[in-house]
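Going line by line, the protein sequences match chains A and B.
Per this note's numbering, the very first residue in the first sequence carries number 1; after that it's consecutive.
Per this note's numbering, the very first residue in the second sequence carries number 1; after that it's consecutive.
Any given hint could turn out to be false.
Which copy is meant is left open, so a pair is good if it fits within one copy or across any two.
What the hints assert, rightly or not - When the alpha-carbon atoms are kept at most 25 Å apart in a straight line, the in silico DMTMM-like pairs for lysine to aspartate or glutamate are as follows:
#1 Lys-106 / Asp-29
#2 Lys-33 / Asp-143
#3 Lys-106 / Glu-128
#4 Lys-152 / Glu-128
#5 Lys-57 / Asp-29
#6 Lys-140 / Asp-89
#7 Lys-33 / Asp-147
#8 Lys-118 / Asp-89
#9 Lys-152 / Asp-81
#10 Lys-91 / Asp-73
#11 Lys-57 / Asp-110
#12 Lys-124 / Asp-73
#13 Lys-132 / Asp-61
#14 Lys-91 / Asp-61
#15 Lys-104 / Asp-61
None of these hints come from the bench; they were simulated from the model.
Quantities reported herein were computed from a predicted structural model and do not represent experimental measurements.
So the chains spell out like this:
2 protein chains.
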Amino acid sequence: MNKRLFSIGLALVLGAGYALIAVSQVRPDVLVKQRQAVMTLQNKYVSGQLRPMAQGKIPYDANVAARNAGYLDALSQMPWDGFAPSTKDVKSRALPAVFSDTAKFKEAQDRFRGEVGKLVAATKGGDEAAVKAQILAVSKACDTCHDNFREKQ
Amino acid sequence: MNKRLFSIGLALVLGAGYALIAVSQVRPDVLVKQRQAVMTLQNKYVSGQLRPMAQGKIPYDANVAARNAGYLDALSQMPWDGFAPSTKDVKSRALPAVFSDTAKFKEAQDRFRGEVGKLVAATKGGDEAAVKAQILAVSKACDTCHDNFREKQ
């Protein structure tokens, strides 16, 4: 039994070791490039398509709204491991608060993820006004996080 | 009735017009940046995580495999509208065949999408060997498309 527990413990330690190696092998500049790629795509689907739809600047298309909500559901999970401490000194628009106020940064991520989840649900409900309102809520969650954690241009 | 048909026809024409305006408003260099962002992320999840798992270079993690398969299901739909004819002269690694042999390019996209779909199904089945084999099939579909449509470095 002790031997079995030891084996399990050893496997966990080795597993954790492997995972750490896998993460630490990604160069900081690559991590930054990857997280910026996610932002580029979120911008494509929110600022380029969903928000103008919600604002009546382009016609509302329920299929595009649902498709983009699904894309955002995946995209909104992707950037965060790219803000690793190893990237602190890589040139980007990430403010120092990303690395110093990690609890508030996590809160902003969770808020954004929550709004995206509500958008996915709204697009399934089929109420155009509700979808449009939720698109603007997602867009606002982007802005709030950028206000606190991204350098102004 | 004729009046109604005319109204529907007019709405379609106006709708198409709006859609064309929306697409043509995106600058060619932005379209290239967006499609390259998708490739960066597909590379993160395939070459950086799934393929080394399938090759036994890092430990297999069924949860990561399923999560990444879901990400790829979304990502693999995103790049194609970025290969618009307007981007033909923007500097990138896209070969002229992307714009001249559109049928073959579409076939390569569909093949890749199909392999990703099979990967999503495999990760739901829970058979590690099947998932690993399908990861390599996805990776091969990436390579085949790159061989024909992307400039060698």
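A quick look at each hint next to the structure:
{"no.": "1", "hint": "Lys-106 / Asp-29", "verdict": "within (22 Å within a copy, 32 Å between copies)"}
{"no.": "2", "hint": "Lys-33 / Asp-143", "verdict": "both (21 Å within a copy, 22 Å between copies)"}
{"no.": "3", "hint": "Lys-106 / Glu-128", "verdict": "neither (31 Å within a copy, 33 Å between copies)"}
{"no.": "4", "hint": "Lys-152 / Glu-128", "verdict": "neither (33 Å within a copy, 46 Å between copies)"}
{"no.": "5", "hint": "Lys-57 / Asp-29", "verdict": "between (37 Å within a copy, 23 Å between copies)"}
{"no.": "6", "hint": "Lys-140 / Asp-89", "verdict": "neither (28 Å within a copy, 36 Å between copies)"}
{"no.": "7", "hint": "Lys-33 / Asp-147", "verdict": "both (21 Å within a copy, 24 Å between copies)"}
{"no.": "8", "hint": "Lys-118 / Asp-89", "verdict": "neither (35 Å within a copy, 40 Å between copies)"}
{"no.": "9", "hint": "Lys-152 / Asp-81", "verdict": "within (22 Å within a copy, 30 Å between copies)"}
{"no.": "10", "hint": "Lys-91 / Asp-73", "verdict": "neither (28 Å within a copy, 31 Å between copies)"}
{"no.": "11", "hint": "Lys-57 / Asp-110", "verdict": "neither (29 Å within a copy, 32 Å between copies)"}
{"no.": "12", "hint": "Lys-124 / Asp-73", "verdict": "both (13 Å within a copy, 19 Å between copies)"}
{"no.": "13", "hint": "Lys-132 / Asp-61", "verdict": "within (11 Å within a copy, 38 Å between copies)"}
{"no.": "14", "hint": "Lys-91 / Asp-61", "verdict": "neither (38 Å within a copy, 33 Å between copies)"}
{"no.": "15", "hint": "Lys-104 / Asp-61", "verdict": "neither (35 Å within a copy, 30 Å between copies)"}
This entry does not satisfy hints 3, 4, 6, 8, 10, 11, 14 and 15, going by the numbered hints stated previously.
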